[in-house]
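Peer 1: Please work from the sequences and hints to get the whole structure.
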Amino acid sequence: MRSNEGNFIRRLQRQKEDALEFIIDTYLPLIKGVTYKVLSPLGNDGIIEECINDIFLSIWHHADKFNGETADFRKWICAIAKFKAIDYYRKASKKMEFTAADVREARHGMSAEDELIMREDKRELVHFINLLEPVDRNIFVMKFFLGLNTEDICRKLGLTRASVDNRIYRGKKRLFNKVNSGGHV
Amino acid sequence: MKDIYELLNDMDIDESEFEEMEVSEWEKAKVTSVVKASIHRRKRNWTRIAAAAVLTAGLSAVMLGITFPAYANNIPVIDNIFRLLDSGKSGLFDHYKEYSSDINLTEESNGITFTINDAVFDGETVFITYSLVSNQDLGIKPVVHGLLDIKGTDGVAGGNQISKVGPNKYAGLITGTGFSNVKDKKTASVKWSIDSLVNPNNKQEITGNWDFALKVMATDSSTQTIDRSIQHNGAVVHIHKITFTPMSFILYYDQTVDQQVRSQWDAVDVGIKIKDDLGNHYTGQGNGGAGDKEGYNMNWSKTFEKLEPKATKLIITPQLSLYNHTSDNHGSVEMSRDGADEQIPLQREQGNEREEIELEDIIVELKK
Chain A
3 MRSNEGNFIR RLQRQKEDAL EFIIDTYLPL IKGVTYKVLS PLGNDGIIEE
53 CINDIFLSIW HHADKFNGET ADFRKWICAI AKFKAIDYYR KASKKMEFTA
103 ADVREARHGM SAEDELIMRE DKRELVHFIN LLEPVDRNIF VMKFFLGLNT
153 EDICRKLGLT RASVDNRIYR GKKRLFNKVN SGGHV
Chain B
1076 MKDIYELLND MDIDESEFEE MEVSEWEKAK VTSVVKASIH RRKRNWTRIA
1126 AAAVLTAGLS AVMLGITFPA YANNIPVIDN IFRLLDSGKS GLFDHYKEYS
1176 SDINLTEESN GITFTINDAV FDGETVFITY SLVSNQDLGI KPVVHGLLDI
1226 KGTDGVAGGN QISKVGPNKY AGLITGTGFS NVKDKKTASV KWSIDSLVNP
1276 NNKQEITGNW DFALKVMATD SSTQTIDRSI QHNGAVVHIH KITFTPMSFI
1326 LYYDQTVDQQ VRSQWDAVDV GIKIKDDLGN HYTGQGNGGA GDKEGYNMNW
1376 SKTFEKLEPK ATKLIITPQL SLYNHTSDNH GSVEMSRDGA DEQIPLQREQ
1426 GNEREEIELE DIIVELKK
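These protein sequence lines map, in sequence, to chains A and B. The working numbering numbers the first residue of the first sequence as 3 and each following residue consecutively. The working numbering numbers the first residue of the second sequence as 1076 and each following residue consecutively.
Hints were generated in silico from the structure; no laboratory data involved. Quick caveat: nothing in here was measured; it's all calculated off a predicted structure.
Residues of chain B placed beyond 10 angstroms of chain A at every Cβ, according to the derived structure: (1) Thr1181; (2) Ser1209; (3) Lys1226; (4) Asn1277; (5) Lys1278; (6) Ile1281; (7) Asp1295; (8) Glu1369; (9) Asn1372; (10) Ser1396.
30 angstroms max Cα-Cα, derived DSBU-like pairs, lysine-lysine: (11) Lys1077(B) <-> Lys67(A); (12) Lys124(A) <-> Lys39(A); (13) Lys158(A) <-> Lys124(A); (14) Lys67(A) <-> Lys1103(B); (15) Lys1381(B) <-> Lys1316(B); (16) Lys39(A) <-> Lys77(A); (17) Lys1260(B) <-> Lys1348(B); (18) Lys1077(B) <-> Lys77(A); (19) Lys175(A) <-> Lys124(A); (20) Lys1111(B) <-> Lys67(A); (21) Lys93(A) <-> Lys1077(B); (22) Lys1077(B) <-> Lys174(A); (23) Lys1216(B) <-> Lys1239(B); (24) Lys1103(B) <-> Lys1216(B); (25) Lys124(A) <-> Lys67(A); (26) Lys1239(B) <-> Lys18(A); (27) Lys1385(B) <-> Lys18(A); (28) Lys1239(B) <-> Lys1103(B); (29) Lys1442(B) <-> Lys1260(B); (30) Lys93(A) <-> Lys1111(B); (31) Lys1244(B) <-> Lys18(A); (32) Lys39(A) <-> Lys1111(B); (33) Lys1266(B) <-> Lys1111(B); (34) Lys77(A) <-> Lys1103(B); (35) Lys1103(B) <-> Lys93(A); (36) Lys39(A) <-> Lys1103(B); (37) Lys124(A) <-> Lys1111(B); (38) Lys1226(B) <-> Lys1261(B); (39) Lys1290(B) <-> Lys18(A); (40) Lys1261(B) <-> Lys1368(B).
Quick reminder that beta carbons are idealized off the backbone N, C-alpha and C, glycines included.
Peer 2: Here's what the structure looks like:
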């Protein structure tokens, strides 16, 4: 049996390799697009290649976490691609800011919580995000995993800039307390 | 607690933000092979089974009908490198992967490492995928000199396709169909001895010893006898039987040509087109054939894609091709074990003629 549009998600989740081939065949142009957009400023094709391979490997290993239809799958892997690409970008550039817009937000300060956000091991941050209420959770994922700037987040969530800034600020503060006191959040 | 992937699953991403980029088959093949290699970390134990040496006095390779129109999407392990070789994408090899076995035999000689990656035997033809890593560039399509032997056969016909997949890296597929009256259809004991590689760019030859011996078990199969003939002006096409394997079906047929046709034409061969009652067309790939020295009476086989399970009938259209030899369209080389290649001179020269005749359909009810 071969994977097709109708069965590839199920086959991928059952770890059938033909499904892996199918998604590479179908989605590589998209994944390459996402990755290039983020990583091309580095001028290093090797990193782009490595990142693309890593994205597909992650999709393979975490296929069981996906829930939804084909259209959702497309969104999901775009999100993974963007998250991975940004991660690679940060590691490669060793810069603390993600986009120009973040420079303006430097008033929040780059401190212990930012370091935690930048850390390669995302477990603590993921754990923390899980404790946030849904809206804040979305903001944090968009901001720190998907590298969206504040304007985009406002538009997507229908919130004002002040509100988003405020939520990020409060979130970071909670994170700061968590990191520094080791205590409760 | 949700992990990153679950959190990302909850996100409603705006896709219009993302633009697709152009990707070559080559890139797809590369990504697939790297990702798969990361997945396959498990080690395998390999027993090398030495097959007894098979000596056939003369090895006649009948290459008619072997044009490699299409290469596998799905030939094992380095399958996407095969997708790279597949320009036509007929899907002939779509299902081979599921039924093949990993081989992973490696031989190193004179700075070149040869690896047999995978093999599959459908009872008729052995398909072997290989890769090679060289310490020097061998051009775009190096020529591999080495004969494939199948134990117990009188001769092997086949083809070899190779492609550059990276700096000093190559991947290929060699196929071999053995000819014999008493052929073992259950296992194929294959010997492949490669003695040199030639870089087509500068004609440089690298000699070495890369000797492989492996045994490949045939996939399951069932056979339906057809035994139907069709005649056209002294040429008879006889459809003998069809063998169904999980990934393909193989049509066996023969041709006989009478004296009258022989006096008119230097060569006759039969091509086969197949479709089913649901309208699916099967492209197939000829396996070559064996027969008399003149090539008029021949036994052929041709391998087609996996049969659509819902099909109940096959419509077989034989196509007769008649040729007269000219120096443009004909030439042959006799190869023998002692290594001397002899060019066979063209016997006679006539007009540059060719005729193709489509014969009547033979409709076969499939037994289920």
